[in-house]
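Enquirer: Here's the letter readout for the chains.
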Amino acid sequence: MSAASFSAAETQRFSSAVVDFPSTSSCFDIEALSLAYEGKPALRDLTLRVPRHRVTAFIGPSGCGKSTLLRGLNRLHDLNDQVTRNGHIRLEGQDIHGRDVDVAELRRRVGMVFQTPNPFPMSIYENVAYGVRLQGVKRKRELDEIVEWALQSAALWEEVKADLHASAWTLSGGQQQRLVIARTLAVRPDVLLLDEPASALDPISTLKIEELIRGLKSQLTLILVTHNMQQAARVSDYTAFLHAGELVEYAPTDTLFTNPRLRRTEDYITGRVG
Amino acid sequence: MDITNETHSQHISRQFNQELEQLKTQLMAMGGLVEKQVQDAVEALLEGDSRTAERVRDSDNAVNDMQIQIDEECTRVLARRQPAASDLRLVLAVIRATSDLERVGDEANKIARNALTLIESDRHSRGMVEIRHLSEHVRKMLRDALTSFARFDTRLALQVLHEDESVDNEYTTATRSLVTFMMEDPRAITSILSVMTILRALERVGDHADNLAEHVIYLVKGLDVRHTDPGELDESLGK
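Those sequence lines, one after another, are chains E and D. Quick note on our numbering: the first sequence kicks off at 29 and runs consecutively. Quick note on our numbering: the second sequence kicks off at 157 and runs consecutively.
Hints are computed from structural coordinates only; laboratory data are not their basis. Think of the CB as a built atom: it goes at the ideal place given N, C-alpha and C, for glycine as much as any other residue. Hints may be right or wrong, so weigh each one.
Said to hold, decoys possible - Cβ-to-Cβ under 8 Å is the rule here; a few derived chain D residues that face chain E:
| # | residue |
| --- | --- |
| 1 | HIS167 |
| 2 | ILE168 |
| 3 | GLN171 |
| 4 | THR231 |
| 5 | LEU234 |
| 6 | GLN238 |
| 7 | PRO239 |
| 8 | ALA240 |
| 9 | ALA241 |
| 10 | SER242 |
| 11 | ASP243 |
| 12 | ARG245 |
| 13 | MET339 |
| 14 | GLY378 |
Claimed, not checked - Derived contacts from chain D toward chain E, CB cut-off under 8 Å, selection only:
| # | residue |
| --- | --- |
| 15 | MET157 |
| 16 | ASN161 |
| 17 | SER169 |
| 18 | LEU244 |
As the list claims (entries may be wrong) - Away from chain D, derived, C-beta distances all over 10 Å, residues of chain E:
| # | residue |
| --- | --- |
| 19 | PHE49 |
| 20 | PRO50 |
| 21 | ALA64 |
| 22 | LEU107 |
| 23 | GLY115 |
| 24 | ASN146 |
| 25 | LYS166 |
| 26 | GLU176 |
| 27 | GLU239 |
| 28 | GLU294 |
| 29 | ASP295 |
Construct all of the structure, not just a fragment, from the sequences and the given hints.
Expert: Encoded structure:
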C-alpha cells in the first residue's frame with residue numbers, strides 16, 4: 029500500500045478504533061495537527077490521544093515526524109519562527125497554545141529528555157536542585173529532600189549519594205542520562221517526553237533507563253520516541269507508527285507488534301521493503 | 157493484516173528471508189515424512205506386511221531428530237532476529253506444528269506396533285473396514301492441513317477444523333460397534349483391543365491435523381482459535 033493511497037479518513041478510523049480508552053483518561057489530546065517547516069509539511073492532519081500514566085511510543089523511519097510531534101507537545105517549536113501549525117494539542121483538556129498558557133509552566137509540566145545527556149556544568153546536587161530553586165524553593169532541608177527523592181525516582185541515588193557534590197561530568201553516560209531524568213522529575217512534571225533517551229547508551233545502561241521508564245509510569249505519563257523497535261516493544265503500552273508525517277497505525281503495543289492491521293506497519297516493524 | 161506465503165520473502169535482509177523459507181521447507185519435509193508413516197502403518201496392517209510395519213517403527217527417530225532440528229532453527233531465529241508480527245507468528249506456528257507432527261509420528265508408531273501384534277496373531281480381526289475409512293479420512297485432513305500451511309490458505313484450514321467433528325463421530329460409532337463384537341465373542345477381545353488402539357491413534361492424528369489448521373489461522377490472521385467452535389469461526393473469518 030503506498031502512502032498516497034492511505035486516506036486521512038482511514039488513518040482516523042484505524043487510529044481511533046484500535047486504541048480505545050475513555051476520554052477522561054487521556055493526557056494529551058491531539059486533534060488534526062499539521063505542522064510545516066518553511067512551508068514543507070512535517071506532520072499531516074494527525075489525531076491521537078495519549079493515555080495518562082502509560083508509556084506511549086512513537087516509532088517510524090527517520091523524517092517521519094515523530095520527533096517533530098514530540099517537540100510540539102511542550103511547544104519547543106515556538107523557538108523557530110519558520111514553523112507553521114494547524115490543529116490543536118490539549119493537555120488535560122487545556123489547549124497548550126491558548127492565550128493564557130504560561131510556556132515556562134507548560135515546560136515544567138511537560139519535561140523533556142534528549143538523546144545525548146546534557147547535565148549542567150555543576151555538581152550532581154546542583155543539577156537536580158537547579159529547576160527547583162528557580163521555582164522558589166530556598167530552604168536547604170526542603171531542597172535536600174527533593175534532590176534525594178528525584179535521584180531515587182531516577183534510580184541513581186544509591187550510586188551517587190556518597191558524593192553528591194562531585195561534578196556531574198564525573199558520571200558515566202548512562203548515569204548522566206538518569207541525572208537528567210532526575211533533574212526533570214525534581215520539578216514534578218505530569219508528562220515526561222523522551223527523545224531517543226537510550227540511543228547513545230550501552231546495553232546495560234539502556235536496560236536501566238527502560239526499567240526506570242516502566243517504574244515511572246505510576247507517577248506520570250511518558251512518551252518515548254525511539255528508532256529501536258525492540259525498545260518500543262519492551263517498554264511501551266501503546267505504540268504509534270508514523271510515516272511521512274502521517275499517523276499510520278496506533279494500537280496497544282502487544283497488538284501492533286504481533287498482529288498489526290496495516291501492511292505498511294507490518295513492513296516497517298519486520299524490516300521489509302516497503 | 158492477512159499475509160500470504162510470499163510475505164516472508166520480502167525482508168531487506170535476504171539472509172532472514174532464507175532462514176524463514178528454510179523453516180517452512182523443513183516443516184513441510186517433516187510433514188511429508190509423518191504423513192507417509194501414517195499411510196505405511198495402515199497399509200502394513202491392511203496388507204499384513206510386517207516389514208513395512210517394522211520400517212515405520214524404525215523411522216520414528218528420524219521424525220524426532222527433525223523436530224529437534226527445526227526447533228533449534230526457530231530458537232536461533234528468535235534469538236538473532238527478534239522477529240515481530242507475521243515473522244514472529246510464523247516461528248511460533250512452526251514450533252507448535254513440529255510438536256503436533258512429532259506426535260503424529262508417535263501415533264503412526266503406535267499403529268505400526270499394534271499392526272505387528274495383529275499380523276503376528278494371524279487372526280482375521282473385525283474392524284478393518286473402520287480402520288480403512290477412518291485412516292482415509294484423517295490422512296486427508298493431515299494432507300489438507302499441511303497444504304493449508306504451505307499455501308497460507310485459511311479456507312482450507314477451516315475445512316480441516318470442520319472435518320474433525322465428523323472424524324470424532326466416525327470414531328465413536330466404530331468403537332461402539334467394536335464393543336458389541338467383544339461382547340459377542342470374548343475370544344476376539346485381544347485383537348479388537350489392538351484395533352481400538354489403532355482407531356484411537358487415527359482419531360488423535362485427526363486432532364493433530366486440527367491443531368495444525370489452527371496454527372495456520374494464527375499464522376495468517378493473527379487469531380488464536382484454539383478452544384473455539386469451528387461454527388463460530390465461519391463468521392469471524394468471513395467465510
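Enquirer: Would you list, in rising numerical order, the hints stated earlier that this structure does not obey?
Expert: Hints 3, 4, 5, 13, 16, 28 and 29 are the ones this structure does not satisfy, whereas the remaining hints hold.
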